[in-house]
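Listed in order, the protein sequences are those of chains A and B.
Taking my numbering, the leading residue of the first sequence gets 1, the next gets one more, and so forth.
Taking my numbering, the leading residue of the second sequence gets 1, the next gets one more, and so forth.
A few of these clues could be false.
Stated by the list, open to error - Only some residues are given here: those of chain A computed to face chain B with a beta carbon under 10 Å:
{"no.": "1", "residue": "K2"}
{"no.": "2", "residue": "N3"}
{"no.": "3", "residue": "E164"}
{"no.": "4", "residue": "N181"}
{"no.": "5", "residue": "I207"}
{"no.": "6", "residue": "L271"}
{"no.": "7", "residue": "E277"}
What the hints assert, rightly or not - In silico BS3-like cross-links for lysine-lysine, where the CA-CA straight-line distance does not exceed 30 Å:
{"no.": "8", "chain 1": "A", "residue 1": "K107", "chain 2": "A", "residue 2": "K172"}
{"no.": "9", "chain 1": "A", "residue 1": "K232", "chain 2": "A", "residue 2": "K366"}
{"no.": "10", "chain 1": "A", "residue 1": "K323", "chain 2": "A", "residue 2": "K259"}
{"no.": "11", "chain 1": "A", "residue 1": "K70", "chain 2": "A", "residue 2": "K4"}
{"no.": "12", "chain 1": "B", "residue 1": "K95", "chain 2": "A", "residue 2": "K101"}
{"no.": "13", "chain 1": "A", "residue 1": "K366", "chain 2": "A", "residue 2": "K343"}
{"no.": "14", "chain 1": "A", "residue 1": "K323", "chain 2": "A", "residue 2": "K232"}
{"no.": "15", "chain 1": "A", "residue 1": "K298", "chain 2": "A", "residue 2": "K381"}
{"no.": "16", "chain 1": "A", "residue 1": "K172", "chain 2": "A", "residue 2": "K117"}
{"no.": "17", "chain 1": "A", "residue 1": "K354", "chain 2": "A", "residue 2": "K107"}
{"no.": "18", "chain 1": "B", "residue 1": "K95", "chain 2": "A", "residue 2": "K321"}
{"no.": "19", "chain 1": "A", "residue 1": "K101", "chain 2": "A", "residue 2": "K298"}
{"no.": "20", "chain 1": "A", "residue 1": "K259", "chain 2": "A", "residue 2": "K101"}
{"no.": "21", "chain 1": "A", "residue 1": "K366", "chain 2": "A", "residue 2": "K101"}
{"no.": "22", "chain 1": "A", "residue 1": "K278", "chain 2": "A", "residue 2": "K341"}
{"no.": "23", "chain 1": "A", "residue 1": "K172", "chain 2": "B", "residue 2": "K131"}
{"no.": "24", "chain 1": "A", "residue 1": "K4", "chain 2": "B", "residue 2": "K94"}
{"no.": "25", "chain 1": "B", "residue 1": "K131", "chain 2": "A", "residue 2": "K2"}
{"no.": "26", "chain 1": "A", "residue 1": "K4", "chain 2": "B", "residue 2": "K95"}
{"no.": "27", "chain 1": "A", "residue 1": "K259", "chain 2": "A", "residue 2": "K366"}
{"no.": "28", "chain 1": "B", "residue 1": "K40", "chain 2": "A", "residue 2": "K2"}
{"no.": "29", "chain 1": "A", "residue 1": "K4", "chain 2": "B", "residue 2": "K155"}
{"no.": "30", "chain 1": "B", "residue 1": "K131", "chain 2": "B", "residue 2": "K95"}
In case anyone wonders, no lab produced these hints; they're calculated from the structure.
Note that the Cβ used here is the ideal one computed from N, Cα and C, for glycine as well.
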Amino acid sequence: MKNKVIFALGIFSLLTLAWQLLNQIPPGTFYQTDIAKNQTIVTDTSFYHTDFASHASTPEVHSATAIELKNNDVMAFWYGGTREGHQDVSIYQNIWHNNTKQWDQEKIILTRSFTKKGTSRYIRKLGNPAVTRGPDNSIWLFYVSVSIGGWAGSAINLTQSHDEGQSWSAPKRLITTPFLNLSTLIKGTPVHYTDGTIGLPVYHELIGKFGELLKINVRGEVVDKIRMSWGKTSLQPIIYSTSANHAIAMMRFQGAAPKRILTQTSSDSGLSWTAVEKSSLPNPGAGIIGLTLNNSNKLLLAFNNDEEEREDMSLAISADKGKTWQLARIVEENHLAEADKDKQFSYPWLLQTKNGNIHLLYTWHKSHIKHAVFNSAWLHKVSEGALP
Amino acid sequence: MSLQSLSLQAISLQTMLGLTGISLLLSVTLLRVLLFFKLKKQLSYFIAILLFAISFVSFSGNTINFYFRGLFNDLSITSLILLSYYFIQPETDKKQTQPIFLLLVITGLFFYPTALGLGPVDPYAWGFISKDHGITTPLIFLSLLAGLMYFALVKSYSILLLSLVLATLCYHSGLLESRNIWDYLFDPLVFIYALTAIISSLFSKKNNPFFQNQRL
């Protein structure tokens, strides 16, 4: 009798779940910026300015991410500490003031201790952050933490700010894998859906290396997970949504020569992806970033234009949805007799603000986060030529 | 060493359940070790309960269950039920536990390699019970769960039935941090335990009432 009651409860629960499933709203499509309402200022006068977003308060910094604030300032985040993986690594924040064109003094916003208290878990180290706007227009900052082992043991946390980065909520843990919730990392820019969910491009590093897309609902919960690739060579996906349903993804390649950025497409708002293919663009096993330029369908990519070393930071443009790429600008370039891993440029982040300015942030010699701000005129002024 | 009690007021139900599960895992593991070494039952229970309580106490900012939760993440509802069963009745009825173990092993041997990236299909994604990829897969998933519940009912596998039903109810209520029903049904720790138990049972088949009439 007791078992029959339990069984009846179970069937009732399953029927309720089935009912809820049938009444779920259909999945959203990619949110497209309303170009008509865009405030982008088109000017023929090109400008390009560089400075440092970090001011050497830590020996090492890495993996910058940035967002535009409501007052048009730019807020950047990165992780810094004695060295990558050290227990003293924290997430730093700094503001670039649009009126003075100057960076403020960086400050620590997230520590191991803060993360431990928020997630009620032991935290050994912190890693990559990625920032975006939530459906309520608050700032959502995703960042990696590790409780055991190396980066393959990573999990993702989410903290939110409802006061434009002045204060941050207790972080919550995203549950992304069934195996001890291990091995989900972030690098790419989140994408947005019309139903308010956020698409977070992530990657897996335990045993295999492959890209995934997490869908995060308005409560900050993972509600779907899409495997974008599989195997041991593709990671750190970036996504360009080119229409409501279509997208191009590119990934860092961690395999044998020829070492090229991987590419794939989706025609169902990221729910499924074609198999990854090698593009014409070189990749030395390094992170890349991209954005779709305002007022155009052109794609912008920041990458290391070399198969072996991270000794340059280059920008390429595609006017045909990623089929071909033109090298637009070389932002950094070393001319060293021997490769020096301490003098590399890596982990770029791109942001285009409402006024049309493009902000590029990247790790400079591991010691600084460098910031370049330029406009579309500068980007298009000199064409370095077609890439192979 | 600063000793400071954990503030329970600021902890959500999800966190509380997660931490309690880890503390239960630690105390039941210790209980079974103590009973294995023939320590007196009352003393064993006292020590196990003491560990359960201590695991909530903060030592220099870290509680024991914080530490292990960082390593293991939250336990599934099935694990919590089995641990509670072991705690209440250390001499478990294998007729009740073996069906769960068998099911866990069969599922886990397919599930974990594929969920960890072996091949293009990710069965973990099926557990979100989402319309994103159509309704066929989630409806099959829910139907399979109903079938398993019915199987457990007719075979009088009470622990299996309770695990399936409570996992579904808890998923429905969002009692764990995950929104994926797989995380409510099982976890790697119970899978590894089940695998060990099944292998051990196969080696001592004659002494195992569950396997006496089974063809494996």
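inquiry  = Are any of the numbered hints broken by this structure? If so, which, sorted upward?
reply    = 3, 7, 11, 12, 18, 20, 25, 28, 30
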